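**Student:** Residue strings, one per chain:
Number of protein chains: 2
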Amino acid sequence: MQPVKVGLLGLGTVGGGTVNLLERNRDEITRRAGRPIDVVHAAARHPDRARTCSTEHMRLEYDAFAVVDDPDTEIIVELIGGVDLAKELTLRAIERGKHVVTANKALIALHGNEIFARARDNGVTVGFEAAVAGGIPIIKAVREGLVGNRIEWLAGIINGTSNFILSEMLYAGREFGEVLAEAQRLGYAEADPTFDVEGVDAAHKLTILASIAFGIPLQFDKVHMEGIGQISTDDVAYASELGFRIKHLGICRREGDGIGLRVHPTLLPERQLLANVDGVMNAVMVNADPLGPTLYYGAGAGADPTASAVVADLVDVVREFTLEPENRVPYLAFQSHSLSDEPVVGMEAVDTAYYLRLEAQDEPGVLAEVTGVLSQAGISIEAVIQKQPAPGAETVPVILLTHRVRESKMDAACQAIEALDAVHGSLVRIRVETLA
Amino acid sequence: MQPVKVGLLGLGTVGGGTVNLLERNRDEITRRAGRPIDVVHAAARHPDRARTCSTEHMRLEYDAFAVVDDPDTEIIVELIGGVDLAKELTLRAIERGKHVVTANKALIALHGNEIFARARDNGVTVGFEAAVAGGIPIIKAVREGLVGNRIEWLAGIINGTSNFILSEMLYAGREFGEVLAEAQRLGYAEADPTFDVEGVDAAHKLTILASIAFGIPLQFDKVHMEGIGQISTDDVAYASELGFRIKHLGICRREGDGIGLRVHPTLLPERQLLANVDGVMNAVMVNADPLGPTLYYGAGAGADPTASAVVADLVDVVREFTLEPENRVPYLAFQSHSLSDEPVVGMEAVDTAYYLRLEAQDEPGVLAEVTGVLSQAGISIEAVIQKQPAPGAETVPVILLTHRVRESKMDAACQAIEALDAVHGSLVRIRVETLA
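Heads up: the sequence lines are chains A and B, in that order. Be aware that the first sequence starts at 1, since it is given in the UniProt record's numbering, and climbs by one per residue. Be aware that the second sequence starts at 1, since it is given in the UniProt record's numbering, and climbs by one per residue.
Honestly, I wouldn't trust all of these hints.
Identical copies look the same in the list; a pair holds intra-copy or inter-copy alike.
[Stated by the list, open to error] Taking lysine to any residue and the SDA-like style, the derived pairs with C-alpha atoms no more than 20 Å apart in a straight line are:
hint	residue 1	residue 2
1	Lys5	Asn327
2	Lys5	Asp72
3	Lys5	Glu326
4	Lys5	Arg143
5	Lys5	Leu170
6	Lys222	Asn113
7	Lys222	Asp278
8	Lys5	Ala172
9	Lys5	Asp69
10	Lys87	Glu74
11	Lys222	Asp257
12	Lys409	Gln2
13	Lys87	Gly187
Please keep in mind that the hints were generated in silico from the structure rather than gathered at the bench. Please read these numbers as outputs of a predicted model, since none were measured by experiment.
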C-alpha cells in the first residue's frame, strides 16, 4: 500500500523523537499498520537549526500553515505546544478535511469541545493519546478497553516532575525547594515550574480523563487545584509512620451530587500499587463497574514515550481513513449527542478522609479538646500520633487521621480547632484516599 | 441505530456475566458504541436450569450450532470453553461470515493460526481480549497502544490462582499444599489445579502475548513450563531476606539467538511494581523501544472482568463492521503476510540470573568449593547467605544469587556442585529477573 503522508508541525524534542521513531521502527510499523508512515512536510521555528533527527526526506520550512495547506499532507501532527497558534492550525487542518494528531494537553483541555465539534462537522478524527500520561495508552484503555463499564472513579499520578520531587522527599529526606532546584537542573521541570508543582498540567490531563471516563464535556475551569509546595518532609515522614505515602494525584469521582474533579497532594496506603509509583513515572488507576480496579503505568513524558503515543494515534487514524465517522471511536469516548450534563461539584461537596497536623500546647487535655471538636462535628478518628516536644519547644506536633467526611464539614471543624487557645498557628490538612 | 444482534454460546459464569453486563450498562454502552448490543439467541448445556442472568429477551436452546446458523445473529460469542467443540463452532461461524468473540485461551493458543487463516479468508474478525488477563485490556494495549514500538520483552503474572498461593505463602507463611486446598475451597482453583499451578494456563496466555508482541505465529508447544509446586516457604522467606519476592511469571524475550518463551517461578526485586501484585490479581509488564517499561494491572479472571473484555471486543467488532479487512487491527498485531519466522529457542539458550539453595556439610571450606565451581564456570555471584545449622543438623542451608548467565552454563555448574561430597541432595534453582 502507499505510504501515509504526514505533515508535522514542530520539530523540537517530541517532533524529532517522532521522526526518529518512524524511521527506526519503520519496518515494525509497516508490518503492523500495513503501510509505512512518512513525514513529508514539516514546519519548525528555526528550519536551519541542527536537529536530533534526519530531515532529508521531507520539505522543511518556517510556515506551519503551508504544511497544513499542502495538498500532499493527509494527517497533521501538531507538536508546537502553546495554545493560540496550535488552535488556529488545528482548526485550519480540520477545515481542510485533514485528520489531526496532537500531544497538546492544554489545547484539548481548554478548547477540545470546540475542536471536536468542528472535527465532527468536517468528518475527521482528532487523536490525543499523547496528551495524557505520555506513552501509557490510557486514552485507548479507557475509551475502548473499558467501553462496557460504568466508571466510578479514576486517580492518577499524571505529572512526573511533582512525583519526582515527592519521591526524593520520601527516599532522600530532602526538602521541596532543594529537589525542585535539582529537577530544574536535570531538565525535568521547566524554568517556571508552576504548571507542574501547582497542578495546572495535571489538571489539564485530568480534565481530559474525566471527560472520557464520564462522558461529560471538557471543563478545565471546574478542576480544583492544589500544589505540593506546602508539603514538608515532616509530613512525608509522619505519613510514612502511619503507613502512607504522599502523592500528587488527579482524581475524578462520582460524588453524591455530581462529579468531583481535583488535583491535590494525597496520602495513599503504602501497599497500594499507585503509592509505589516513584520518580518521574506516571500511573493511572481506574475503578470501573463491573471490572473493578485496573492500573496503567509507564513513562509520562519525554520525546520517546510521547512519540510512541503519537505513532499509535497515527496508525489508528490510518486504519479509520475509510470508516464512516459514526463508527469511529468517539472523541470523548461517548457519542457527541450523548454527552452528559451531570454537574461538576465544588470541593465542599466532596468526601475524603483527612490527615491533620497541628502544633498544640504541651499540656494535659489538649488532645481531648481537639478530638472533642471533631467528634462534635461527627468526624471519626482513625489514628492519632502525639510527638514529644522538641528540646525547649512549648508545643508538640499532633497528627490525626480521620475517616471519610464531607469537605464542608471538615472546613468548619478545622476552623474550630484553629480557634482553640492551645492550638498554635494553622492546621496542615492533606486529603487521604484509600482507593478501595 | 439498530441494535447489534449477538449469538451467545455458553451461559455459565462468564456467559451469564456478559448478559448481565450488557443489560446493566446498556445505557452506558449505547452512549459509547452508538447502538445497543443484544443477545438474541443463546445456547446452554442445560437450557432449563436456573441462571444468574435474565434470559427473557433471547431464544435459549441446547443446540449451539443452531445459534451459529441462525441468520439473525451477526456476531458469535464463544464462551463454552474446552477446545474441540469450541473450535468446530468457531470455524462454522467464520464460514457463515460471522465475526467471533471468544474468551478461550486454549482455543487460541492451540488453534489460533488455523482460526485466523480461515477468518482472513472469510473477511471476519476474531476478538480474543478476554482470553488473556481477564479484564485488563492488554491485547489492545500491545496490539494498538504500542504499535510504534519494537517490543523487547514482556513479563506477566497471568494466573491468579498461582499468584494467590504465592502471596499467601509470603504473607501468611503457609505451605503450598495448604493454600492450594484453600484456593480450591474458595473456588479460585479448579478441582484439578494442574492447569494453574503447573503453568499450562499461563503458557496458553503467554503464547498469545508473545505472538502479538513479536509478530510470530502461535507456538504453544515451544513454551517452557515450570510450576510452583516445588517452591517452599523457606525459599519464599530467603528470597524476602535478599529483597526479592517469588512470582509465577510468563516471560517472552528476545534472546541472542531467537525468542524465549517460558513460564516459571521467578525472583523479582521487591521494589518492582510487578513484585507487589498480590492475591488473585494479574499484571503484565512490557518493555518496548522507544517507550520503555509499561505495566497493566487488574482482575485476571472471573465473570465480571471477563465479561468486560468480551463487551470491549463486541464494540470493536461493531465499529469495524463496515471496515475493509486490510484496515482492521490484524489478529496477531502484525499483518498476516508479515509474521516473522524468528525461531523460538530452548531454555539452554536463555540468559537469567539465579537463586540457588543447597544443603552443605557444616564444615570449613565448603562455601569456597561451591563458589569455586561457579567461578570456574564464569558465573559471578551477587550475594550469599549461609545460615546457622538447625539444632542437631549436620548441614546448613547456603543461598546464592548469581549474575545473569546462559542456562546451559548454569546446568553444568549445578551438576558439578551437586557432585561435591560436602553438598547433600539436589540444588533448589529459581530464576531471577530484575526486569531492568
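**Student:** Could you tell me which of the numbered hints above are not met by this structure, giving the numbers in increasing order?
**Tutor:** 4, 5, 7, 8, 12, 13
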